[in-house]
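Participant: Sequence:
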Amino acid sequence: MVKFAKHLELQLVPEWRDAYVSYKKLKKDIKRIPPVRLRTFRGSSGGSVHGGGEQDPDADGQRTPRRRSSASLNTLIRRSRSRARLQPGTDYITVRTVRGDAADGSADTYYTDVLPPVNESPEEVTFFARMDAQLNKVNLFYGKKEQEYSARLQHLERQIAALNEMKSALAKKQEQMNAAASSSPRSPEGPQSPRAETAPAVANEALPRVALQELANGRDADGVQNGRQGADRRREASTPAGQSGYRDGENCQREAMDGETTIPDIRSLRLVIPAATPVLALNKMSRVLWNDIARSGTRAESVLAELSDDVTEVLKQSRSTIKRAEKLLHSATVEFYRGLGLLKSFSSLNTVAFGKILKKHDKVVGWTAARPYLAAVERAHFCASPAVVQMMAATEALFTKQFAGDSHKQAMQVLRPVHRSASHQVTYALGFFSGCILSLLITFIVLISNAGGYDQRGGADYLHSVFPVFTAMLLLLLHMFVYGGNVYCWRIKQINYSFIFEFRPGTELRVREVLLAASLMTTLTLGGMVLHLVLHTADPRVHGGAGEYIPLAVLLVWLAVFLCPLDLFWRPSRMFLLRILRHLALAPLYRVMLADFFVGDQLTSQIPFLQQLQYCCCYYFGGHFKNRDGAACTGNGTYRSMLYVVAILPYWFRFAQCWRRFFEEGRERVHVANAGKYLSAMLAVSFRLWYLNSGTRAGLVLSIIAAVVATAYQAYWDLVMDWGLLRRHARHPWLRDQLVLKHNSIYYAAMVADVVLRLAWIQSISRFRFGGRVPPSIMTLIAASLEVLRRGLWNFFRLENEHLNNVGKFRAVRSIPLPFKDLEGAEV
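Each residue of the sequence shown is one higher than the last, beginning at 18 in the working numbering.
Treat the hints with care, since some could be wrong.
[Stated by the list, open to error] When the alpha-carbon atoms are kept at most 25 Å apart in a straight line, the in silico SDA-like pairs for lysine to any residue are as follows:
no. : residue 1 : residue 2
1   : Lys-510   : Gln-631
2   : Lys-20    : Arg-388
3   : Lys-189   : Ala-36
4   : Lys-48    : Lys-380
5   : Lys-44    : Asp-379
6   : Lys-377   : Glu-140
7   : Lys-361   : Val-431
8   : Lys-161   : Gly-117
9   : Lys-826   : Arg-508
10  : Lys-418   : Ile-833
11  : Lys-426   : His-436
12  : Lys-45    : Gln-28
13  : Lys-184   : Ser-199
14  : Lys-694   : Arg-745
15  : Lys-418   : Arg-508
16  : Lys-426   : Pro-403
17  : Lys-41    : Arg-336
18  : Lys-826   : Leu-756
19  : Lys-510   : Ala-36
20  : Lys-373   : Leu-132
21  : Lys-41    : Lys-643
22  : Lys-643   : Leu-835
23  : Lys-826   : Thr-126
24  : Lys-45    : Asp-379
25  : Lys-154   : Lys-189
26  : Lys-380   : Tyr-128
27  : Lys-361   : Ile-517
28  : Lys-42    : Lys-759
29  : Lys-42    : Lys-361
[To be verified] Per label pair, the in silico range of CB-to-CB distance:
no. : residue 1 : residue 2 : range
30  : Leu-627   : Gly-422   : 43 to 51 Å
31  : Thr-444   : Gln-164   : 42 to 50 Å
32  : Asn-467   : Leu-27    : 21 to 29 Å
Source of the hints: derived by calculation from the structure; they are not laboratory data.
Think of the CB as a built atom: it goes at the ideal place given N, C-alpha and C, for glycine as much as any other residue.
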């Protein structure tokens, strides 16, 4: 049976950890009470506290020895309690409630008065003082979150009502435009005037477009005001005067079903869709240009003539804008409901925690405190308030009506997704493929050490021509295993990586699934390596050169699995990664989220992988695989120059992302400094390329200086900015105030390891040669593997720092911006 302390650790919201009951600390306080109770009550006159019991034969004024066995101490405690009992059924504590001021939003405060003779024990008084502090902390946090979610629900209701009004206004504009096109009125000036023939037509076509533009900005809604006022009147009629506080669940549900939510005048609103995609960014740029043209001295006739050409296109854009607004509100409602569920879980877990700790207290000290204290807990706002349950019911009704087509079952599938349970098939498959990997690895080592076959058929040619193809896949496999280790460490340390990466609930890969995917692809790769090596050492007349296609076939299988459109091989995770790679390729045009720059940083550690992919393209598409001539690629000047261009690409992606964040997040200079870090890496690669082409001493010196500066810059950024360490006045010396790991030495060792392993990064971008004993392909694999391991170390501490930032801000749900704003830019 799982103890409650372990259950609480597994079920609590990691970002709200500091707001929960400190269950373990209260247990430690209880453990201090029994010896002190014994010492306190033995000092009383007579054996019993109330004078009704026998005289304690051991109470002779002599001091008990400080050291005695635990068995004798427990015996003494039991004997003392059996002869000095308190009155059964008597309450020795009273819990006072100090009502908070509703005007300033302060919560009720609870104080416990410990009555004689229990108050003679300072440990008892301290325990109940800490219990009060925990109760007040939980109650205050819950009250603030409840108010926050109540205001958020009102925002959501008004936003959805504004969306519905805008939809109806758009439909009305469509009807008006159709009616105007069918009527086609003639001008009173007569048919002889060309201006008289064209002006009304232009006006009839262009004015709806102007209206649609205003509609897209939320400023024009003919007929909406009457409907809004009618909704206001109905709302006022159904709401008693002076009623305040939370609405009951029935009213919330009825209002959500009827859609009668008070919203501001739609003509005072504007629709703001974040320009998070290239299309939206270009649309925003075109709107800015159009506003500039409209404010210039262009003649009204020419503007109307231009507007008349694409009324249909504007109508289409207005519909797409409203559709994007609806998608934003859909995501915001789902995330809001998830937050309500977390708040409900917070209330129930803390209620149970108070009950458990009081039960343990009564069991240890021998008198009952649970009854009066739990009565106060049950009266507390976090336990007695029905507002969260009512808001959940209102949100369900609102979501069902607006986004699920009145299907409650469909709405619940979205609002409460079923989490996948762990399957024994995954464990079995992981064990099976692990055994396959071990056997294939032993087979490959035996084949590679067979001098009679491997060396005779050209072992050096194999390392220089074919092995780099497999190296690319081996580096990816190592990164997958490292990520699996990261997921394992994040889970055991309660780091909410799925929330940080914004995975859809239920789609994130767990430890065994990551390891299964890595094991499956490792088995495929090692199987291809063993089969190719067998054919490589065999007589070519046996297989006719077909073995040279094996590495290409394995690579194509990798690509097919990654791009498979079917719901196989963890499709949600593959599509998530593909979407991020698309964001990287078009970095300046997409809004940058944490997952985007996290994957971008992973790519900077996979530069050898990208260079090996370049080699694969040259080796196979150039036809050099037929005679195993890898030197035809590596000896080509253009190919060698392209190696450094490929090495620059990941840093360019991150450089562009930093500038996007700079312009999007209030022009914070930290993003410029971060962009400088990636610029230094690009300069290091460029100077290395210049040295290889020129061969001058100046090029060598500049390439070394640039590499050293880039390494120092990136190491400093890793430790100070990404990990949040090296704080001079932190609680933990030269670390930070809050740490997830218990031992400080792990952080110091990780900092040293990160700096040392940066040397492997220099080798990955500079490709220095270390004599002729180590083949270049083996040296590249070793250096790249060390860089991947360093990146795995960086991954853990980077997410640890992000998690602690979320904990400090109690941020457990995503903050999705709502689309409708007022003219001052505030949410309605």
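Participant: Each of the hints needs a verdict: does it hold here or not?
Facilitator: Status of the hints after comparison with the structure:
1. Straight-line distance between C-alpha atoms of Lys-510 and Gln-631 comes to about 39 Å, which puts the hinted pair past the 25 Å bound.
2. Among the hinted pairs, Lys-20 with Arg-388 is consistent with the structure: their alpha-carbon atoms are about 23 Å apart, no more than 25 Å.
3. Between Lys-189 and Ala-36, the direct Cα distance comes to roughly 51 Å. Violation of the 25 Å bound is thereby established for this hinted pair.
4. Distance restraint check for Lys-48 and Lys-380: the Cα-Cα separation of roughly 11 Å lies within the 25 Å cut-off, and the hinted pair is therefore satisfied.
5. About 12 Å separates the Cα atoms of Lys-44 and Asp-379, which keeps this hinted pair within 25 Å; it holds.
6. Straight-line distance between C-alpha atoms of Lys-377 and Glu-140 comes to about 15 Å, which keeps the hinted pair within the 25 Å bound.
7. Distance check on the hinted pair: Lys-361 and Val-431 sit about 18 Å apart at the alpha-carbon level, within 25 Å; holds.
8. For the hint linking Lys-161 to Gly-117, the alpha-carbon distance of about 13 Å falls within 25 Å, and the restraint holds.
9. Taking the CA atoms of Lys-826 and Arg-508, the gap is about 21 Å. The hint holds against a cut of 25 Å.
10. Straight-line distance between C-alpha atoms of Lys-418 and Ile-833 comes to about 21 Å, which keeps the hinted pair within the 25 Å bound.
11. Taking the CA atoms of Lys-426 and His-436, the gap is near 16 Å; set against the 25 Å cutoff, the hint holds.
12. Restraint check: the Cα-Cα separation between Lys-45 and Gln-28 comes to about 21 Å, which is no more than 25 Å; the hinted pair holds.
13. At most 25 Å may separate the alpha-carbon atoms for a hinted pair to count; Lys-184 and Ser-199 meet this at roughly 23 Å.
14. Annotation: proposed proximity of Lys-694 to Arg-745 holds, straight-line Cα distance about 23 Å (limit 25 Å).
15. Annotation: proposed proximity of Lys-418 to Arg-508 is violated, straight-line Cα distance about 37 Å (limit 25 Å).
16. Pair hint Lys-426 plus Pro-403 holds up; C-alpha atoms about 24 Å apart against a cutoff of 25 Å.
17. Restraint check for Lys-41 and Arg-336: the C-alpha separation of about 56 Å exceeds 25 Å, so the hint is violated.
18. With a CA separation close to 16 Å, the supplied pair Lys-826 and Leu-756 stays within the 25 Å bound.
19. Proposed proximity of Lys-510 and Ala-36 is supported: the alpha carbons are some 18 Å apart, at most 25 Å.
20. Using a Cα cut-off of 25 Å, the hinted pair Lys-373 and Leu-132 holds, with the two alpha carbons roughly 23 Å apart.
21. Distance hint between Lys-41 and Lys-643 is unfulfilled; the C-alpha atoms sit about 68 Å from each other, more than 25 Å.
22. For the proposed pair Lys-643 and Leu-835, the alpha carbon gap of about 59 Å is over 25 Å, so the pair is violated.
23. For a cut-off of 25 Å, the pair hint linking Lys-826 to Thr-126 stands: about 23 Å separates their Cα positions.
24. Of the pairs offered as hints, the one joining Lys-45 and Asp-379 holds, with about 14 Å between alpha carbons and a cut-off of 25 Å not exceeded.
25. Among the hinted pairs, Lys-154 with Lys-189 is inconsistent with the structure: their alpha-carbon atoms are about 53 Å apart, more than 25 Å.
26. About 23 Å separates the Cα atoms of Lys-380 and Tyr-128, which keeps this hinted pair within 25 Å; it holds.
27. Our distance criterion of 25 Å between C-alpha atoms is met by Lys-361 and Ile-517, whose separation comes to about 22 Å.
28. At most 25 Å may separate the alpha-carbon atoms for a hinted pair to count; Lys-42 and Lys-759 meet this at roughly 17 Å.
29. Taking the CA atoms of Lys-42 and Lys-361, the gap is about 24 Å. The hint holds against a cut of 25 Å.
30. Take Leu-627 and Gly-422: their Cβ atoms lie about 46 Å apart, and the range 43 to 51 Å holds.
31. Our hint of 42 to 50 Å for Thr-444 and Gln-164 holds, since their Cβ atoms are close to 45 Å apart.
32. Asn-467 and Leu-27 have their C-beta atoms about 52 Å apart, which leaves the hinted 21 to 29 Å range violated.
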